[in-house]
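With the hints as extra help, turn the sequences into a complete structure.
Which chain is which? The protein sequence lines are A and B, in order. With the first letter of the first sequence counted as 1, position 475 gets the number 475 in the working numbering; the numbers rise by one all the way through. If you want the working numbering, it's the 1-based position in the second sequence plus 784.
These are computed hints drawn from the structure, not numbers from a lab. Predicted model, so just to flag it, every value in this text is computed and none were measured. Accuracy of the hints is not assured; some may be wrong.
Unchecked claim - For lysine-lysine, the following DSS-like pairs were computed, each having C-alpha atoms within a straight-line distance of at most 30 Å: (1) A:LYS655 with B:LYS941; (2) B:LYS865 with A:LYS10; (3) B:LYS912 with A:LYS701; (4) B:LYS912 with A:LYS655; (5) B:LYS941 with A:LYS120.
Claimed, not checked - With the Cβ distance kept under 10 Å, some of the chain B side facing chain A (calculated, not the full set): (6) LEU806; (7) ASP866; (8) TYR897; (9) THR901.
Yeah, the Cβ is synthetic: ideal placement off N, Cα and C, and Gly gets one too.
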Amino acid sequence: MAVTQLVGSKIHRREDPRLITGHGHYVDDFTRVGTAYAAFVRSPLAHGRIKSIDITDASKAPGVVGVYTARDFKGRLSGTHPALPVFVAEKKYVPERFPIAEKEVRYQGEIVAVVLAETKGQAVDAANLIQVEYQELPAVMDLEKALEKGSPKVHEDAPDNVCWDFTYTGPDASEAAFNEADIVVKQRILQNRLAPVPIEPRGVMAEYEEYDKKLTIWMSSQNPHFIRLFVSGAMGLKESQVRVISPDVGGGFGSKISPYPEDYLVPALSRIAERPVKWIETRTESIQNATHGRGQIFDCEVAAKKDGTLLGMRVVQYLDVGAYHGTFGSFQPVACLMSGGAYKWKGISARTVGVLTNRVPTDPYRGAGRPEATHLVERMVDLVAGELKMDPVDVRRKNFIQPADFPFTQNFGLVVDSGDYEKALDKALQLVGYQELRKKQADMRKQGRYMGIGLSTWIELCGFGPSAATAPGTGGIGLVESAQVRVVPTGSVIVYTGTHAHGQGHETTFSQIVADQLGMPLENVEIRHGDTAEGPAFGYGTYGSRSLAVGGVAVSKAVGKVIDKGKKLAAHMLEAAEEDVVFDHGSFHVKGSPDKAKAFGEVAFASYGMSLPQGMEQGLEAVAYFDPPNLVWPFGTHIAVVDIDPETGSVKLEKYVAVDDCGNIINPMIVDGQIHGGVVQSIAQALYEEVVYDDETGQLKTGTMIDYMVPSAGEVPPFIVDKTITPSPTNDLGVKGIGEAGTIAATASVINAVVDALSPLGIKHVDMPASPDKLWHMMREARK
Amino acid sequence: MKQKVSTTVNGRRHEHEVEPRLLLVHHLRDNLGLTGTHIGCDTSQCGACTILVDGNAVKSCTMFAVQAEGKSLTTIEGMAKDGQLHPIQQAFWDEHGLQCGYCTPGFIMAAAYLLATNPNPTEDEIRKGIEGNLCRCTGYVNIVKAVQTAAATMSGKPARKTAVTAGGE
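The structure is reproduced here in C-alpha cells:
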C-alpha cells in the first residue's frame, strides 16, 4: 500500500451525522402504502401438543385481514430450517423444523398462529382472541437432565436427546502428557445461557408483487445475501427474484445472522394477502425467541509439572442446542479447538456433545465458542497456579507460544499466524501496576477485605474464513468476501461490499482504505452495503470479526484492479509503455517524470469515452473476491481488579486494563470502541446476565431487560485500554479482527479476579454470573 | 372513539385525532413521521424513546399521546438548528459516543435534560443521570466522555474528566 494519511488515523465516523440527528433508517422506519401488520401467537408452554386452534373470534375482530395457521403455509413454504455442519461434521439427529408449529410446540415462544390486520393494535387485539388448546407434555429444561435415561424427549425420534456427539481427538491424544504429570487439576466450568439483546429488536417487512413475480424484504440482518438464498429457496422463487434490504441495523451480536421463522412467514403472508406485510419484534419476543448463546458445561482436566509446565488437557463440552438446531448452532464447539489458548501443550483430548432441550435454539453470540475457550483455559491455568502456589503470571509466561514459534501449528492443526503474547502481558501488568497491587492485596487481606486480581491472556481466531476450511461447513459456500468498485465518469467512487455493518463503522473504515489507495479525499468515496440488488452477486455478511480481514481486503483488491486498468489507459494517454507508468497520490505518471501525469479523474473520464487503446472496453470498475489463506489470530491481556463486599457478596470492579493486538489498525477510535463494548458485554456475562427458565414449567423468567440484567452506565468500571501491534501475515493489509475480542477476553479476567479475592476462604472456582446471592452463599459455606 | 390532541413538537403545532390508548412514541413515529425516536423495549426500560416534554426527560412510551395535550415536545429531530448540530450531538460525534446508533437519540435527549439541570456534572453524576438508558455497543465509556465534552462546550468550563484511556495511539 501507498504511504497513507487516513489509514491509522482517528477519522470521525461518516455514518454519525444521520444517526445523531434522528435520520437513520432502521427497518421500523420503512412503511409501504397498504401495509398490513402481523402479530404472532406463540406457545406459552415449553412442550405441548396442539389439540385445537379456534380462530373464530379473531377472524371477526375489527381490522383483521386474515388469521393463519400452519396449514395455510404448507405448500407455500418448503424445506426445513437450514442447519449447517460447521465444526461438527457428523450429527446424530437434526430435527426437521417448519417455521410455524403444526402439531407440537417444543419451546416457549414457538409460533402457532398469526394475525394480519390493518393496524398494529388491531393485529395484537385479534391475536389475543385466538384460543389454542394444548395437551401439556413433559419438558426438559436442563441439559444434564436431558442426558439422563428416562428423561422427557424433546423429539420423539431422538430418544437420547443427543443432537451430536463428536470426538475431535480421543484419549490417546493426551495420554502421554497425563502420564508425565506431577499434578492434575479437574474442574467443571459452566457457561451461562445468554440473550444477545441488541437495542433494536428484529423486524421484517415484505412486499410480494404478484404481477412482477418479485419479492422485496426489508429486515434487520447481519447478512442479507444468506437470507435471500434461504428465503427464495423456501418460497420457490428464483434467487434473482428476491431482493433483501438490510438498512441501518441497531446491533446484532450474532442474533441477526441466521434466518428466523418470521423471515419466511412475513414474505409468505405478503404473497397470500397480496399486500405489504410488516412485523416488528417486541422486546419480550426478542429475549424469548432471538437465538441465545453459550449455555454449556465443560468438564476439564489439566496435567502439569511441578514447575508449572502445562502438559495435557482433557475437555468435554456439553452444549445446550435448544429445541432445534440453530443454523450455525454447531459453531460453538470451536471452543474445543481453541481450548489450548495461548499455550503449548503436548496433547489435548476434546469431545463435544450437543444436547436437545425445550428451550429456544442457541446460535453464535458475540465471540461464539472463543469466549468459552478463553474462559476454560484461563480458569484452568489459574487452578494450576493455585495448586502449585505460583503467581498466575509466571505460569502463563512459562507456557506461552513464543514469537519465534509463529506460524505455530496448534494441537488441532490450526495454524496461528502471528503473535507476541508476552509483550501484551508486560504492557498490561505495567499499566495496572501489578506488583503494587499484590502488595495492596496482602494488606487488605490482613484487614479482612476481599480484593482480587484476575488475568486473561486471551487469543482467538477470526476472519472467517478460508474456503478450504469453511466451505465444508456451509454446504460448499466458503466464507470468502466480495467487493465491487465503480468509478463514475467524473472520478468519484462507489464501493459495494458483501459485508454489512451494525455499529462497526464500515462506511468510515472502508472509505479510509479506498481513499488512501486512490489518493483522493474521503468525500469522494461512497460505501454501500446491505442491499442485495446492488454490488456483487453474493456477499457473505458480517460476523466472526471478518469484515475487515476478509471484506476490507476484497475492497482493497477491487481497487487494485481499477488502478491496474487505469495504468493501461494512462499509458495510452501519456504515450508511454504501461510498465513505465506508476500510480501515486492520485495520479498516473511516467516513472522519473512526475510532470508527465494524468490525474485519476482524467483517466476515469477518458475510460468512458472513445479514445481507448485497441481492445480495451469502456468503463472503470471491478469486482474482487478474497479467499484468505488462513484465519487471523488476535490476542491480548486483560486484567481485572475487584473488591468483594464481605457482607453482601457484591462485586465492585475497581479497575480494568485491556491491552489488545488486532494487527494493523485502520481507525484507532473505532478499535477502542469495539473493545469497550465487547468488554462490557463480557463483564455482564461474568457478573449479571443469565437467561433463566423455570425448571418445572419451562417459563422464561428473564423476559425483560431488567430481569435479564443488561448493565447500565452505573455498573461499568473505568477502563484503561491500550494496544500492541503485531501485523498479520495472512493478508496484505496486515489486519486481524477486533469486533469480538473484548467479549472473548473479559469473563476470564473478571472471574479469575473474583476467585483470587475469595481464595483466602479456600474457594477455588466460581461459576457465572458471580451474583451477590451466589457469592454470599459460597462465602457463608466457606466460613463454616 | 378518537380524541383530539394538540401539541407543539420541535416548535411546530400539530393537531391530530388519536385513539386514547395510542402511546406518545407511536404518535410521534406514525402520525408525525418523526422516526428518530426509537422503540427498544415494551417495558419502559431501555430509554431509546426518551424525549423532552416541557423540558423534562420522558420515556415517550410511558405516556399516552392524549396526555401530551397542550405540551411542548422536543425530539431528536429538534436538536440541530439551522444545520448546526447541538453541542451534545457534536460531542457524541467527536467522542465516538455511538456505534449502531439505535439508542443514541434517547441518550442525547437524556443528556440534554441532565445538562439543563446540572451543567457541570461529575462522572458519577453523569452515570447516574443516564442510568435510565441502555446501550449494548459502547460500554458507556464514550457516552460518558461525550456528555463530559458537551458539558464543557455548553458551560464554557473545562470538562471534569477522569482518565478513561491511556496510550493507544
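List in ascending order the numbers of the hints, as given earlier, that are violated by the structure.
Hints 5, 7, 8, 9 contradicted; others consistent.
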